[in-house]
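Engineer: Spelled out, the chains give:
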Amino acid sequence: MLAWTIYISFLGALVLMLPGVPPRAARGIALLAAIAGFAVTVSGLLRTANGAMATIVHRSWIPSLGIEYHLAADGISLLLVLLTGIVAIAGVLFSWNIDHRSKEFFALYLALIGGVYGVFLSADVFLLFVFYEIAIIPKYFLIAIWGSTRREYAAMKLALYSLVGSAMVLIVLIAAYVIAGAKTMSLLALSQFQFPVHFQMWAFPLMFVGFGILAGLWPFHTWAPTGHVAAPTAASMLLAGVVMKLGAYGCLRVAMTLFPRGLDPWGFTVLGLASWNDVFSLLAVIGIVYGAMVALVQQDFKFVVGYSSVSHMGFVLLGLMTLNRIGLNGAVLQMFSHGVLAALLFAVVGRMVYDRTHTRELAALSKMHLSKAIPFAAVTFVLAAIASIGMPGFSGFVAELQVLIGAWSAFPICVVGAGIGIAISVAYAWRAMQKAFFSDTGLKDTAPLLPPISMPERFGALTLVIASLAVGLYPQWLLNLVIPALNSPLFDGLRKGHW
Amino acid sequence: MLTVSYSALLHLLLPEVMVTVTALLVLAADLLISRTAQPRLRFTTGAVISCIGCMGTIVQILRAPQQANVFDGTLVIGPQTQLIQIALLILTILIVVLSMGSSFTSHVGEYFAVTLFATAGMMLLVSSENVLLIFLSLELLSLSLYVLAALNKRSSHSAEAALKYFLFGGTSAAFLLFGLSLLYGLSNSTNLVQIAHAIKNPPLNPLLAVAIVMIVLGFGFKVAAVPFHFWAPDVYEAAPASSAALISSSAKVAGFVIFYQVMVIGFAGAEGGADWRSSTPGWVPVVAVVAALSMVLGNLVAITQTSVRRLLAYSAIAHGGYILLALVAHTEQSFDALLYYAITYALTLIGAFGVVSIVEQGGGEKLSDFAGLSRRAPVLSACMLVFMLSLGGIPPLAGFFGKFFLFASTLSAGQHRLGLLWLVVLAVAMSTVSLYYYLQVLKRIYIAEPPSEGRRIQVPIVNQIVLCAIALGILLLGCAPNLLLRWL
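Protein chains in written order, with the working numbering: chain A, 1 to 499; chain B, 1 to 488.
So that you can see chain B by itself, here it is in the shape it has in the complex (with noise of 0.2 Å):
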C-alpha cells in the first residue's frame, strides 16, 4: 500500500488533524478576547473550547472507526490504537476542565494550545510502526511537556525542574535516537516488523546489545524508570499540577504503549528470558532488571518523603515498574493488562493531583498540609482516599484489579512455568510497602487534627464534580472490570 491519495490519508490523520487545528483555535481566541480580560475568562473560554475539539474527536473516532495501514506501517490504525486514543482524550478532557479554575500563568492561550499538541503527539505516537515518525512525535510530545513544566513563570523552582527535564530529555532523546540509528544500520528498514526480521540472523550481534541498551535507556527516561528517573521528583514538585498531571498520567500511558510495541514488534526474536536463575541474553532481561530496580526504589524512597508530589513522584516510579512487568512478559494478554493498568493509573493521578491543587492553594503540598483535610474539605478528602487506595491496590478500587491482571498475566508467561515468580513476589512485597505511605497521605487527612486557624476549603464546584466522577469511574471500573476489558 504505497500509493494513498491525500484525501485518504487527510481522512485517517482526521482525528489529529482535528486535535491541532483546536490547539490553533484556541490560540486564536485567546488573542481576540484579548490579554487583558480576567485570567478566569480566559482559562474558561480555553478550556471549553479545548474540550469541545476533543469530545468532537472522540465522537469522529467512533463515528468512523479505521482499519489501516499505510506507507508500509507508517500509520497504522486498528481497533485498539483507536480506544488508546480515545482514552488519551478522556485523560486530556479531564486535566483541561481541572486546570480551569486555576492561574498559574499569563499565557492562557499557549497553555492550552501546547497541551493539545502534546495530545497530538501521544495519538501518533501510539499509532506507528516506523521509528522515525515514532521518534518524531515522542519529540513533539516530549517538547510540549518541557514547556509545559516551565509554565509556571513565576517560580524559579517551575523553570529549574523544567530545565532539569529538557536537558535529561534531550541527552535521552540522543540516546534514543544513536539506538535506532544502530538498528536502522542493521536492518537498512526503519519500519519495525522489517527490522524484527532484519535482525533474526544472528540472533544478538554485540552492535544489536548495544542499541537495546540505548533504546531502553530512552524509553527509561521517557517513562521515569529507575536509574533513568531523577528528572521525576523535581518536575512533579515544581510544575503547575495540571503539567505534572499530564506529564504523569497520558504522557506516561503513550510512554509505555510506544515502549511495548517497539520492543515487542521490533525486537521479536531478540527477547531472550528473564526466569529466575536460568535468563537467556535478550532485551526482557535488562527490562526486567530495570523493572525490579523501579518497583524497590520508587517505593522504599517514598516512604521518606515529606511532600505530596514528591510522594506521589516515587510512587510513580514504582508503579512505572509494575508496568513495565507487561513488557517482560510480552503476551497478548499482558498488554491489556498495561492498558488497563496504565489507564487506571493515569485516571488515578490525575484526581490526585487534582486534589493537590485545590490543598496548596491554600498553603503548601507538605504533608503537614494535609491535616485534617476531611473536616475541612469532606468530598476533596473522600476522593482523595479513593485515589490513594486505588494507588496501593486496595479492592474494590481498579488498581486492585489492574495489579492482579497485571501479575497474573506475568505469572502465566515465562520460558518456564512460574519462572517470573521472583518479578511478582517482589512487586507484590513491594505494593505491600507502598501502602504505608499511602495510608500516611490518609494518615493526615482523616486522624490528624486540623490546624487551629484552618477553614473549610472552598472547591470550585466543577472541580469537585470532575473528581467525584474520576473517583466513581475508578471505584466503577474496579467493581466492574469488564467495562473497560472488553474493549481492548
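This is chain A alone, in the form it adopts within the complex (with noise of 0.2 Å):
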C-alpha cells in the first residue's frame, strides 16, 4: 500500500510530460499526485500499530545478483514519509504561481519526490542507492532552470558534490556486497553480517562522509546554501525539507547500521580524538556553531535559512553520533522538525517575500514595512523562527533537548558548543526577523502596494505550522513510532545493549 506514494509519484511526472496535458492543469495534477501521496502515507501509518519493520513488497529483482525488489517501512521511514508528504503538498501549493514551462517544473517536481519516497522505503540497499541517485538529477534541473541567483553555478555545484557524495556511497557498497559474499543486497542481512573490523573502519567513514555531504556535514555543506539561495521556492522547501534528511536516513540507516564497529576506538588518539566518533561528533557540533555564527552575519535573507539549515541539520548529525536512545530519537525527531520548519521558513523567504518585493537583502527589506504589508508573511516567519529556535510547545524544542541530552551522556563538552549554537540561533532569528520585517529606520510613511497572500500560501503555511505544533504539544505519537524502530534487529550491531 504504501508503495503507492513512489509510485503516484512517478505516475504523476509521467503524465505531466504527455504532450496532450494542458500547462495550466499542471499544478493541480501535481497537487493531487502530492495530496494522495500524503493520504496513502496517513492510511499507511493508521495501520501500523507500532514502528517495527513491515514488508511492504518483496520481489525477487536480479535474482543472479541476489538483490530484491523489497520494500518495508518501520517507525523511522514511516515518520519520513509523512514528512516527505507534508512538504510536497505545501511546496505545490507555494509554486502555485510558476508559469514558465510549468509541466516541466511540476514534472521534475514529483519525479524528485518519488525517489525520495523510494528511498526512505527500501529495505534493500541497491534500491535505496538507485532512488538515491534518481532524486539527484531532478534537483539540478529544478534549480538551473527555475532557479535565480547564479543558478547555473549552484545547481551544478549542488549536483557534483551530491554525485561525489554517492560515488563515495556506492564504492563502499560494492565493497561490502563483495565481502559478504555477493549473494545478497539486503539491509537486514548485511547488518548482521560480521564485516572485518579494519575494514569497517575505512568504510564507515568513507559511507558516512558520502551520505553526510547531503545532510550539510561541515565541511561539506557548501553546496546548501547556495543551492537553497539558487533554488525556486518549492525545490528550496524540498531541499532543505527533506533532500538534506535523505543524507541522514542514509547515515543512519546504512552507514551506522551496516558498519557499526567503525564507530570504535581507533586505539589511538589524534589531537584528542579516539574514533570516528570523536572526529564526527566535533564535525556535527563545529556545523551547529559554524552555521548559527554565518547565518548571523548574512545580508541575503535567504542566505540566512540556508545557513541556519546547515546549523540545525548538526543537531541531527551530533544526535545520531551520540549513540544513545534518546539521542537518536532526537536525531528522528529533528530531522522531522527541522523538515517542516526549514521549508516554512523557505516558503516566507522565497515565495511570500521574495516574489512581492523582487528583493532579499535585508536592508532592502527593512525599509519596506512589511510587517504591515504582508502581516500574514510576517506571523508566519515569526512562528517559524522561535519553532526552530527551540521554543517549548513547537517541535524543534522537543528534538533538540533530546539530542542535548543524549549528547550530555556521551560528550558533554559538545552540548557546550552546541549550548553556544543555540543561542546564536536566537540572535540570527531576531536579527532578520526585526531587519526583514519590524524596522522602524528610515521607514516611509505609507506601506508599499503589494498583493495579498494568496490562498494557497495561507494553506501552506498553516499545514506547516500545525505539523510543528502537533509534534511539539505530543512528541510522544512519534517516539511511539521511532523507539520500535530503534529496537529492530536492524540495529542490533549498533545498540550492543545500550538501550
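Simulated from the structure, these hints should not be mistaken for laboratory data. Hints may be right or wrong, so weigh each one.
Derived contacts from chain A toward chain B, CB cut-off under 10 Å, selection only [unchecked claim]:
1) 151
2) 152
3) 179
4) 462
5) 466
Simulated crosslink set (DSSO-like; lysine-lysine; CA at most 27 Å straight-line) [claimed, not checked]:
6) B:153 to A:157
7) A:157 to B:164
8) B:443 to B:153
9) B:164 to B:443
10) B:200 to B:153
11) A:367 to A:435
Sample of chain B residues with no beta-carbon within 10 Å of chain A, all distances over it, derived [claimed, not checked]:
12) 157
13) 206
14) 208
15) 273
16) 452
Idealized CB from N, CA, C, for every residue including glycine.
From these two lone chains plus the hints, build me the complex, please.
Structural biologist: Here you go:
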C-alpha cells in the first residue's frame, strides 16, 4: 500500500510529460499527486500498530546477483515519508504561481518526490541507492531552469557534491556486497553480517561522509546555502526539508547499521580524537556553531535561512553520534522538525517575501514596512523562527532537547558548543526578523502596495505550522514510532545492549 | 571433428551466409532501380532489404540453435555466441533504419552492402577460437569500417579521418599479426586453447611478453583504448553519423568480445595479477594499466570538448576503459558483465548518434547547436536525456546497472580480497567526472535559451519511433536487467 506513494509520484510525473496535458492543469495534477501520496501515508500510519519493520513489497529482482525489490517501512521511515508528504503538498501550494514551463517544473518536482519516497521505503541497499540517485538529477534541473541568483553555478555545484557523495557510497556498497559474499543486498542481511573490523574502519567514514555531504556535514556543506538560495521556492523547501534528510537517513540507516564497529576507538588518539565517533561529533558541533555564526552576518535573507539549515542539521548529526537511544530519538525528531520548519522558512522568504518585493537584501527589506504590508508573512515567519530556535510547544524544542540530553551523556563538552549554537541561533533569527519585518528605521510613511497573500500560500503555511505544533505538543506520538524501530534487529550492532 | 561435410558447414554458417547474400541483394537492387532515382527512395529500398535480411538471419538463429566446434575451434558456436550475433544484428538493424532519412552519399547500395559485410565480419569474429580466422574476420570488419568512414566524399574531413583511421589501423593490424605469429612460433598452433596449453611452461618468457604487448596493442587500437586512441575523435567527428554509430557500437561489442576471448582463452596461465601493490607479471597488469589510462584520459579530455561528437568519442574511450575492467577480472561473471555493458552501451551510442545526426542537419554538432533543443524538439531531447544519463550511469537506466555489475564483478575477482579496489575506485570516481560533461550537454538542451532564429526541428517519423524505442529499451533494461541477464 505505502509503495503507492512512490508509484503515484512517478505516474504523476509521467502524466505531466505527456504532450496533450494543458500547462494550466499541471499544478492541479501535481497537487493531486502530492495529496494522494500524503493520504496513502496517513492510511499506512493508521494501520501500523507500532514502528516495527513491516514489509510492503518483496519480489525477486535480479536473482543472479541476489538483488531484491524489497520495500519496507519502520517507524523512522514512516516518519520521514510523512514529512515528505507534508512538504510535498506545501511545496506545490507555494509554487502555485509558476508559469514558465510549468509542466516540466511539476514533472521534475514529482520525480524528485518519488525518488525521496523510494529512499525512505527501501529495504534493499541497491534499491535505496537507485532511488537516491534518481533524486539527484531533478534537483539539478529544478535549480538550473527555475532558480535565481547564480542558478547554473549553484545547480552544478549541488549536483557535483551529491554525485561525489553517492560515488563514495557506491564504492563502499560494492565492497560490502563483495565481502559479504556477493549474494545479497538486503539491508537486514548485510547489517547482520560481521564485516572485518579493519574494513569497517575505512568503510564507515567513507560512507558516512558520502551520505553526510547531502546532510550538510561540515565542511562539505557549502553546496547547501548556495543551492538553497538559487533554488525556486518549492525546490528549496524540498531541498532543505526533505533532501537533506536523505543524507541523514542514509547515515543512520545504512552507514551506521552496516558498519557499527567503525565507530569503535582506533586505539590511538590524534588531537584528542580517538574514534570516528569523536571526529563526526566534533564536525557536527562545528557545523552547528559555524552555520549559526555565518547566518548571523548574512545580508541576504535567504542565505540566513540557508545557513541556519546547516546549523540545524548539525543537531541531527550530533544526535546520531551520541549512539544512545535518547540522542537517536532526538536526531530523528529533529529531521522531522527541521524538515517542516525549514520548508516554512523558505516558503516565507522565497515565495511570500521575494516574489512580492523582488529583493532579499535585508537592508532593502527593512525599509518596506513588511509587517504592515504582509502581516501574514510576518506572523508565519515569527512562528517558524521561534519554533526553530527551540521554543517549547513547537517541534524544535523536543527534538533539540533530546539531542542535547543524549549528547550530555556521550560528550558533555559538545553540549557546550551546541548550547552556544542555540544562543547564536536566537540572535540570527531575531536579527533577520527585526530587519525584514519590524524595522523602524528609514521607513516611508505608507506601506508599499504588495499583492496580498493568496489562499494556496495560507493553506501551505497552515499545514506546516500545524505539523510543527502537533509534534511539539504531543511528541510521544512520534516517539512511539521511533523507539520500536530503534529496537529492531536492524540496529542490533549499534545497540550493543546500550538501550 | 576434422571431417565435416560441406552441407553441414554451410548449415552452421547459414547466418553469415544470409547476411552476405543480403549485402549482394542490396547492391543488385540499387543497380536495378538505377542511380537516377531519388536518393531518398534508394536509401529506403536499401534499408528495407537490409532489415529484412538481418531479421531473417535472427529468425534463422533463433529457429535452429547450434552447438558446434568444427575444425579445431575454427568455428565455435554455442548459445552465447548466438546471443552475441543476435545482438549485433539488432544493432545493425537500428543503425540501418536510422540512416534511412539521410543523404550523405550517392553510393547508397555500397553503403548498405559494406555495413552488412562489416556485420558478417563481426559475426564470424565472435564465433571463432582460431587466430587465423580471427585475424581474417577482424580485417573484413576493419576494411569495411575504413570504407564507411570515408563514404562522405563531399567532406574532406571525412576523407582525412578515414585516411588516419586506415593508416593507424593498418599499422596496428601489422602489430597484431606480428604478435599472433610469435604465438604461432611458440605453440605451433593457431588454436587458442592449444596455444594456451603450449605456452604454459615456461610461464612467461620474453618472447611471450613481446607477443602479449603486440596483441594488446593491436586490439587496444581496435577498441580505442589509451594510448592507441588517437584515431577515435577524428573519426567520430568527421565520419557520416551512421558510420560513426557502427564504429562506436556494434564494432565495439565485437572488438571487446574477441579481445576478451583471445586474452582469456589464449593466454590462460599467463594472467598475472593487477592487485594493488602486489601485482604479478602477465597480461592482466598490462590491460589494467591500459584500462586505467583510458578511464582517466578519456574522461578528463572529454570535459574540454565543444563538439558533441568529439565528446562522445572521448567518452567512448573512457567507457572502453570501464569495459577493460572485465578483462582484468576475467571471471565468468565478468564476461556477462562485459556483454551487458557493451550491448547496452552500444544501444545508447546508436541513439546518441541518431540524435546528433538530426541536430546537425540544422547546422552543426557543436554544443551550442544543441541550445534550447528541448523547446525545438521535445521528443528528441527526452531521448537524448535518457542516453546521456544512461552513459553517465544514473539509475534506473541500463548504464547504471551495467556499471554496478561490471564493478561488482571486478571487485569479486583479483588474487587477494578487494585487490582490484584501486581500479574500481578509479572507475567510480571517473564516472562521477563523466557526469559533469554529460550534464553540460543536457544543460544546453534543457536550460539554455534556443537561438532566436531557431525553429522547431522536423524529425522524420521513423527516426522518432526508433529513437524512442531505443530510449525505452534502455529504461527497460535498466529497470529489469534480468531481461538480458538470463540469456547470458
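Engineer: Would you mind marking each hint as holding or not holding in the structure?
Structural biologist: Quick rundown of the hints versus the structure:
Given the 10 Å rule on beta carbons, the hint for residue 151 of chain A holds: about 9 Å separates it from the nearest Cβ of chain B. Residue-level restraint check for residue 152 of chain A holds (minimum Cβ-Cβ distance to chain B is 7 Å; threshold 10 Å). Checking residue 179 of chain A against chain B: minimum C-beta separation of about 7 Å stays under 10 Å; hint holds. The restraint placing residue 462 of chain A at the interface with chain B is violated, with a minimum CB-CB distance near 34 Å, outside the 10 Å limit.
Interface hint at residue 466 of chain A: violated, since its Cβ lies 36 Å from the closest Cβ of chain B, which is beyond the 10 Å cut-off. Distance hint between residue 153 of chain B and residue 157 of chain A is unfulfilled; the C-alpha atoms sit about 44 Å from each other, more than 27 Å. Of the pairs offered as hints, the one joining residue 157 of chain A and residue 164 of chain B is violated, with about 39 Å between alpha carbons and a cut-off of 27 Å exceeded. A C-alpha spacing of about 34 Å is found between residue 443 of chain B and residue 153 of chain B, which places the hinted pair above 27 Å, so the restraint is violated.
Restraint check for residue 164 of chain B and residue 443 of chain B: the C-alpha separation of about 33 Å exceeds 27 Å, so the hint is violated. Taking the CA atoms of residue 200 of chain B and residue 153 of chain B, the gap is near 50 Å; set against the 27 Å cutoff, the hint is violated. Pair hint residue 367 of chain A plus residue 435 of chain A holds up; C-alpha atoms about 9 Å apart against a cutoff of 27 Å. Every beta carbon of chain A lies more than 10 Å from that of residue 157 of chain B, the smallest distance being close to 32 Å; the non-interface claim holds.
Every CB of chain A is more than 10 Å from the CB of residue 206 of chain B (nearest about 36 Å), matching its label as outside the interface. The Cβ of residue 208 of chain B lies farther than 10 Å from every Cβ of chain A, with a closest approach of about 32 Å, so its non-interface assignment holds. The non-interface label for residue 273 of chain B is consistent with chain A: the shortest C-beta to C-beta separation is roughly 17 Å, beyond 10 Å. Residue-level check passed: residue 452 of chain B sits 18 Å from the nearest beta carbon of chain A, beyond 10 Å.
In terms of the numbered hints stated before, the structure departs from hints 4, 5, 6, 7, 8, 9, 10, listed from lowest to highest.
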